[in-house]
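Chains Y and B, in that order, give the protein sequences.
Letter by letter, the first sequence follows residues 1 to 434 of the numbering used here.
Letter by letter, the second sequence follows residues 1001 to 1434 of the numbering used here.
Misleading hints may appear alongside valid ones.
[To be verified] Derived CB-CB ranges, DEER-like:
hint: 1; chain 1: B; residue 1: E1124; chain 2: Y; residue 2: Y229; range: 47 to 55 Å
hint: 2; chain 1: Y; residue 1: R315; chain 2: B; residue 2: C1027; range: 53 to 61 Å
hint: 3; chain 1: Y; residue 1: K83; chain 2: B; residue 2: E1050; range: 24 to 32 Å
hint: 4; chain 1: Y; residue 1: Y286; chain 2: B; residue 2: N1237; range: 55 to 63 Å
hint: 5; chain 1: B; residue 1: D1166; chain 2: Y; residue 2: K83; range: 23 to 31 Å
hint: 6; chain 1: Y; residue 1: G152; chain 2: B; residue 2: D1090; range: 35 to 43 Å
hint: 7; chain 1: Y; residue 1: E122; chain 2: B; residue 2: E1124; range: 28 to 36 Å
hint: 8; chain 1: Y; residue 1: G152; chain 2: B; residue 2: E1329; range: 51 to 59 Å
[Claimed, not checked] Listed next, the stretches of chain B that the computed footprint assigns to chain Y, with coverage defined by at least 3 CB atoms under 8 Å from CB atoms of chain Y:
hint: 9; region: 1156-1166
hint: 10; region: 1345-1355
[As the list claims (entries may be wrong)] Heads up, incomplete: computed chain Y residues facing chain B, CB under 8 Å, no partners named:
hint: 11; residue: S6
hint: 12; residue: S65
hint: 13; residue: C69
hint: 14; residue: S102
hint: 15; residue: A112
hint: 16; residue: D292
hint: 17; residue: A317
hint: 18; residue: L319
In short, the hints are calculated from the structure, not lab data.
Even for Gly, the Cβ is constructed at its ideal location relative to N, Cα and C.
Protein chains: 2
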Amino acid sequence: MKPYSSLAPEQQYSELIKEHKKYVRLCSMGLALDMSRGKPDRDQLNLSEEMLGILNSSEQCILESGLDCRNYGLLDGIPAAKKLFADILDLPEENIIVGGNSSLNLMYDAVARALIYGVLPEYEPWMKQGEVKFLCPCPGYDRHFGICQSLGIEMIRVPMTMTGPDMDKVEKLVASDPMIKGIWCVPKYSNPMGVTYSDETVRRLASLETAAPDFRIFWDDAYAVHDLYDEGDKLLNIKVEAEKAGKPDIVYIFTSTSKISFPGSGISCIAASMKNVKYIKSIMTYQTIGCDKLNMLRHVLYFKDADGVRTHMKRHAALLRPKFEAVLEIFEHELGGLGVCEWTKPRGGYFINFDITTGSARRVFELCWDAGVRLTSVGATYPYGNDPHDRNLRIAPSYPPIEELKTAAKVFCTCVKIAALERLTGAPAPAAKD
Amino acid sequence: MKPYSSLAPEQQYSELIKEHKKYVRLCSMGLALDMSRGKPDRDQLNLSEEMLGILNSSEQCILESGLDCRNYGLLDGIPAAKKLFADILDLPEENIIVGGNSSLNLMYDAVARALIYGVLPEYEPWMKQGEVKFLCPCPGYDRHFGICQSLGIEMIRVPMTMTGPDMDKVEKLVASDPMIKGIWCVPKYSNPMGVTYSDETVRRLASLETAAPDFRIFWDDAYAVHDLYDEGDKLLNIKVEAEKAGKPDIVYIFTSTSKISFPGSGISCIAASMKNVKYIKSIMTYQTIGCDKLNMLRHVLYFKDADGVRTHMKRHAALLRPKFEAVLEIFEHELGGLGVCEWTKPRGGYFINFDITTGSARRVFELCWDAGVRLTSVGATYPYGNDPHDRNLRIAPSYPPIEELKTAAKVFCTCVKIAALERLTGAPAPAAKD
């Protein structure tokens, strides 16, 4: 297709009229489609059905060590669940603390602990040191930004690139300001860009020279095994790199089975240096009796080991891949060459990142909303919900059935075209629902 | 038996020699018995075996509303679990937030939230107001005190009586000091005294005139349905009383199924006024995706309703009652009338409270330890682990098999006699393990 910008103004206007006619027809269909959240669909959830009832006798609850998983005990989780996460993340078991169904909760608690207690006994609590700041690579994950906002941490935007956060900017910022205490990272199939950090990025992060001696990288490896294709992206092991750089304590690693088993009933973990782990446990012991060991056991009984998880993830991929490909094909067919937008083609994770170069994200969102297609809130991928260029949209193709998804993607494309043409022509389209 | 104090000194000494001979024999038995923690035993855990596998198909996971319990959503828990807790606690469903497997975690979070955010939007965070203090009725629950200690909250001891905390003291303290922000209460079958607060105590608590406008009662109703006898103690509904007193927001109510289903894998709740609940949820939404809905579903499928819970608790009582009665019988037989100690005869809960009037709790603990009988650490029932009179011991009869428990109780009685006689005679007994 020809770039819109190469069309004569009257051609642009007639395109707008054409797309708008399409849009009015779409609006009349009474659609109710949701591409807003990275939720597995029902077929994906059904993949783990056998896990639901796999633990059904008292004997199964008693470990070889004699420990009864039904009773109190084991603050940091059962050994077999530690091993499962250790093998998924390629880390030693001793560095793992197994959590409950919400890795978000582990992250929130990690930040809150650093604020209240400090990251290690030798450091002052962050909150006693002044106004805490975090680096937030953008676009990024809204719930990370939510933790900072809720806890009163100032967020500093850092641009994301196709190799990870802009490391020149990161290095410069952390070198001079001792109140910059952390950075949020989704290092593999990043939310929403689908970018896997390059080896260089991982090495530069692991060896960051920070003005703050108590700086931490919040490494949310949410999509560690969430490949869409047999050949998945490879992420360098940040724990190994941090040790090489003489900074073993700099990183907290998180992951969960939320998008492996069940989003609401998975298990999660935080992994870190022994020094970090020991200190975290010394505080956790006041905080909780430990997480649900029976659910850890269910996961271990069902997946058996990391290979079991990887096999299972291929089944997820078989369901997800066609959805991603369908959306990308529609985008290419409808929007390719128009010169008004660009999008990522991720090889894993849950999102397609969509940028409208003309800066009309909010308009697209509203047009979609009126047509019955729900997108992630505009700005959600930026701190304080504020996308300074009004450009970024996050597409989540996982949840709707594929036929609905295709419809939603087509509606979306129409809305993108309208928003772009409105911008170019300066003409607002006729109101949507007259 | 004659009171020891009425014996002539040489009689006291010969009693000491006699008990010590017994003790040496006991020490040689190589015992390894544990009366230290309020843990259900294996038979109690087996009572809920059917719950383990009760949820075993995908269809069961989908609620009538269409909500899929396997997926994300429902920050405050599934309606049926709210209803279950509401009926147990005699509260409206709307006042319930369902938590995960650790009510301790809900309590820690409630305190931490008040420190960081304040109890309601109109109040400053506690930590910005100065040094926060809590009232701690003693003897009390060590993990409550642990939360305060961990979060740097100063603990003020208030004596427990047979009707609850000494309310004259409580009222006086809270009236004058605006930095006293909370009080810990286990209002039914209190840990460790087994006391259920009188109606007057509940009413006085509910209508407390506090210098702090943002004061909260932490009402840990851990043993709400944990009666040992058909006729259980009755606890007045503090929410109703607080409303009557015009102080609906003053109380956070907690409970859990830890000692109903499985200690490590139960479900819990926090209940409070709508204003409190709304504010708690507004912060929780940054903190977690919500708790495990499948485990809530398991509980609802298994227990069905509050009557189901009550029926189930009778099965627990049938296992626990003989243990409590066996210990109490041995205490009465061995120690009755000696005039050196007293103990409670609880009608529910998990503990027998034991006070040695002569103030030798630490010595009893050590003697028991050397004989292979583990007790709760001395002082654990007081803030900072410090029992100012070295008098209080907490006996937890639930975990050991009954024959072992009887042995442990006899060892304990021998140790009590030795400690008391040592005090009276001023003569240290011969070293235990020579």
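Structure-based check of all given hints:
1. Under the hint 47 to 55 Å, the C-beta atoms of E1124(B) and Y229(Y), about 53 Å apart, fit the expected range.
2. For the pair R315(Y) and C1027(B), the beta carbons lie near 60 Å from each other, so the given range of 53 to 61 Å is met.
3. Between K83(Y) and E1050(B) the beta carbons are some 30 Å apart, a value that agrees with the proposed interval 24 to 32 Å.
4. The supplied range of 55 to 63 Å is broken by Y286(Y) and N1237(B), whose beta-carbon atoms lie about 30 Å from each other.
5. Hint check: D1166(B) to K83(Y), Cβ distance near 51 Å, so the stated range 23 to 31 Å is violated.
6. Taken as a hint, the range 35 to 43 Å holds for the pair G152(Y) and D1090(B), whose Cβ atoms sit roughly 38 Å apart.
7. Under the hint 28 to 36 Å, the C-beta atoms of E122(Y) and E1124(B), about 30 Å apart, fit the expected range.
8. A C-beta distance of roughly 58 Å is found between G152(Y) and E1329(B), which places it inside the suggested range of 51 to 59 Å.
9. Only residues whose beta carbon comes within less than 8 Å of a beta carbon in chain Y count, and the region 1156-1166 of chain B has 0; fewer than three means the coverage is violated.
10. With 0 residues carrying a beta carbon less than 8 Å from a beta carbon of chain Y, the region 1345-1355 of chain B misses the three-residue requirement, and the given coverage is violated.
11. Here the hint on S6(Y) is broken, as its CB sits about 44 Å from the closest CB of chain B, past 8 Å.
12. For the restraint placing S65(Y) at the interface with chain B, the shortest Cβ-Cβ distance is roughly 15 Å, beyond the 8 Å limit, so the hint is violated.
13. Below 8 Å, beta-carbon pairs count as interface contacts, and C69(Y) has one with chain B at about 6 Å; its hint therefore holds.
14. With 8 Å as the threshold, the beta carbon of S102(Y) comes within range of chain B, its nearest partner Cβ sitting at about 5 Å, so the hint holds.
15. For A112(Y), the suggested interface contact is upheld, since its CB lies about 7 Å from the closest CB of chain B, less than 8 Å.
16. Annotation: interface hint on D292(Y) holds; nearest CB of chain B at approximately 5 Å, less than 8 Å.
17. Against a cut-off of 8 Å between C-beta atoms, the interface hint on A317(Y) is violated, since the closest Cβ of chain B lies about 19 Å away.
18. The closest approach between the C-beta of L319(Y) and any C-beta of chain B is roughly 14 Å, which is over the 8 Å cut-off, so the hint fails.
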